[in-house]
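S.K.: Spelled out from the first residue to the last, the chains are:
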Amino acid sequence: MSNKVIEVTNLTKQFKSYKKKPGIKGSIQSFFNREYTTKKAVHDFNLEINKGEIIGLLGPNGAGKTTLMKMFTGIIVPSAGELTINGHRPWERKKDFKKKIALVMGQKSQLWWDIPAMDSFLLLQKFYELSDQEFKTRLDYMAELLGVVDLLHVHVRKLSLGERMKMELMASLLHNPDVIFLDEPTIGLDLVAQENIREFVLDFHKKNGTTIIITSHYMADVQALCKRLVLIFDGTKAYDGPLEKFEKILGNEKTVSFSFSEEIGGCDFIDKYDAKWNECRNHVDIRVPEEELREVSKKILDLYPVIEFNTEKMPIERVMKTLMTNPEVLRQQRENLSS
Amino acid sequence: MKTYLLKWWQTIRISWSKYTAYRLNFFLQVVGPFLVFFFIKYNLWSSIYGEDTGQLIRGYNFDEMMQYHVWTLVISLLGQGYAAMNLSEDIRLGRISSYLIYPFEFWEFHTAGFLSFQILQIFVSSVTLGLAIFFGFLDLPSTMTLLHGFSFTFFMGFFWFTMQYFTGLLAFWLEETWIMRVLLSIVVSFLSGYIFPLELYPEWLVSGLKFTPFPYMSYFPAKIFMGVETNFMMGYAVLAFWMAVFAFVNHLIWKKGMRLYTAAGM
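Chains A and B are the protein sequences, given in the same order.
Taken in order, the first sequence gives residues 1 to 339; the numbers are from this note's numbering.
Taken in order, the second sequence gives residues 1 to 266; the numbers are from this note's numbering.
The shape of chain A in the complex, shown without the other chains (with noise of 0.2 Å):
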């Protein structure tokens, strides 16, 4: 048997919209006469996914990630292209196909906002046809793993936003899913909450062995979990490989930064790294070659007063940074590895 989760082949979305000028005026314009647009929001997406992988679909705001994940979860349906998950076609809805995926949208809630998160569970318990030896099993791992036992009975109108999102995630993955869509998941939390949601999905994928789709603007996140890494950029794939190419896509050099107890004057050794000092001249970001790391943070060790010194510790996030504002770069990074 394959081994792939999800296949996807040249898939396309179109949207078809209208314009509306403002005012009354425009109104009634286009009450009686539409101009319509078609937006493509995916082109001709390619993706293949094995069974267990944890992957990490960015992209700016409006690129196409969430029309993906509908997609994917059969809410709306493809203008063109393949696609298959688990075998199945999603925007055919077979219930077959229902019960082995889960969606947790972040800004969206899925619980019923005037009960207590535990009567929502017990109706997607009969929902999802489980035993109540199942459901109490996974009920109680969940439960205890994201410290929300006390919560279960409490309305969820109630919960503040981090507790409200263990529920959802409690709510999505009490039937076992066996392909996970996060949209979002962290969004808007405290960072302890981020945290414990992370552990959280690694801990579930480490148990059940789920392949995991999720989307977030938070590259710890992305870091935490994610092997791999697809990136779309005006509903095109524009970089799909593993984490640490990506975060080499911009070349092998490491962000360096120091602080120093005074003021250094005019220094060529540091200056030639493509140094940024501050106003003061206390600190200093440079960029080094992976190659010449050990021995240039040596010397600058070894010759100035060094207060404080550390590398870059979420290199992704520059590389985000650059290609969010600069799309360009990677297409000529694609052109030089071909040439």
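Quick caveat, the hints were computed from the structure, so don't treat them as lab data.
Where hints are given, some of them may not hold.
[What the hints assert, rightly or not] Just so you have them, the derived chain A footprint on chain B, three or more residues with Cβ under 8 Å:
1) 4–10
2) 15–23
3) 93–99
4) 102–113
[Claimed, not checked] Taking lysine-lysine and the DSSO-like style, the derived pairs with C-alpha atoms no more than 27 Å apart in a straight line are:
5) A:K100 to B:K2
6) A:K39 to B:K256
7) A:K100 to B:K255
8) B:K210 to A:K108
9) B:K223 to A:K95
10) B:K256 to A:K108
11) A:K99 to B:K2
12) B:K223 to B:K210
13) A:K99 to B:K223
14) A:K40 to B:K255
15) A:K108 to B:K255
16) A:K19 to B:K255
17) A:K299 to A:K321
18) A:K237 to A:K16
19) A:K136 to A:K245
20) A:K51 to A:K100
21) B:K2 to A:K95
Please read all numbers here as calculations on a predicted model, not as lab measurements.
Even for Gly, the Cβ is constructed at its ideal location relative to N, Cα and C.
Put chain B on the given structure of chain A with help from the hints.
M.R.: Only chain B this time, still in chain A's reference frame:
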């Protein structure tokens, strides 16, 4: 089969706890209709009849007029709920995304919600009926009459639900459907005999309405409860016909709407 029925049962239960989540709200919902009835309809008609409560207005003396209106109130409580209101909200706010993922369909969820609402309304309408009897507006009819009346009203409730479902589904195109629903409910109130008994309307209008669902939504069942109407078949047949029409149209609209749906706001 059993697991499928369990899905329905649990949905009915959860809708029930949603409806009763707010105690004060629920209390007002139970006693509110009777209070509104008392202040509006009772006062209106007692000032119309004035001192002479024995005079006949289109065949109704004051007591009969009050009986008629108590029954139309009970009928509207029991058969004209607002369970389908959440439906258009769900569409408009993109919440159907969640239902599309669950292995339980959107219509199943909302129909279960409707059933749950009906069960709740049995209680609400009994309170209203009890209050009306307590204050001497009417005597309890025979068990047989009650049985006929309630069965017909329940049947009408299903029709009302399919029609409400229709207006709810229009949210795929209209984005705001409340104005549609308000218009519909005003039209229904007038044409069904909820506001005035149909005897007060011109002959041509009443006979024209016979094949529409309207008179069977208030006037007809009220007459059953009052023991006047005994030919139920006509009512069942007309409502069944319209129910089938709306169910079919709903099915088509849903299919077309789904193609259009882009899960806005998800």
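S.K.: If a hint holds in the structure, say so; if it doesn't, say that too.
M.R.: Structure-based check of each hint:
1. 4–10: With 4 residues in contact (Cβ-Cβ under 8 Å with chain A), the coverage given for the segment 4–10 of chain B holds.
2. 15–23: holds (count 4)
3. 93–99: holds (count 4)
4. 102–113: holds (count 3)
5. A:K100 to B:K2: holds, 21 Å
6. A:K39 to B:K256: Holds, at roughly 21 Å.
7. A:K100 to B:K255: holds, 24 Å
8. B:K210 to A:K108: Status violated; Cα separation ~47 Å.
9. B:K223 to A:K95: Roughly 46 Å separates the two Cα atoms, so the pair is violated.
10. B:K256 to A:K108: The hint holds at about 25 Å.
11. A:K99 to B:K2: holds, 18 Å
12. B:K223 to B:K210: holds, 15 Å
13. A:K99 to B:K223: violated, 50 Å
14. A:K40 to B:K255: holds, 23 Å
15. A:K108 to B:K255: Status holds; Cα separation ~24 Å.
16. A:K19 to B:K255: Holds, at about 26 Å.
17. A:K299 to A:K321: violated, 30 Å
18. A:K237 to A:K16: holds, 22 Å
19. A:K136 to A:K245: Violated - the C-alpha atoms of K245 of chain A and K136 of chain A are around 42 Å apart, more than 27 Å.
20. A:K51 to A:K100: This hinted pair holds, its Cα atoms lying about 13 Å apart.
21. B:K2 to A:K95: holds, 16 Å
Checked against the numbered hints listed earlier, the structure breaks hints 8, 9, 13, 17, 19; every other hint is satisfied.
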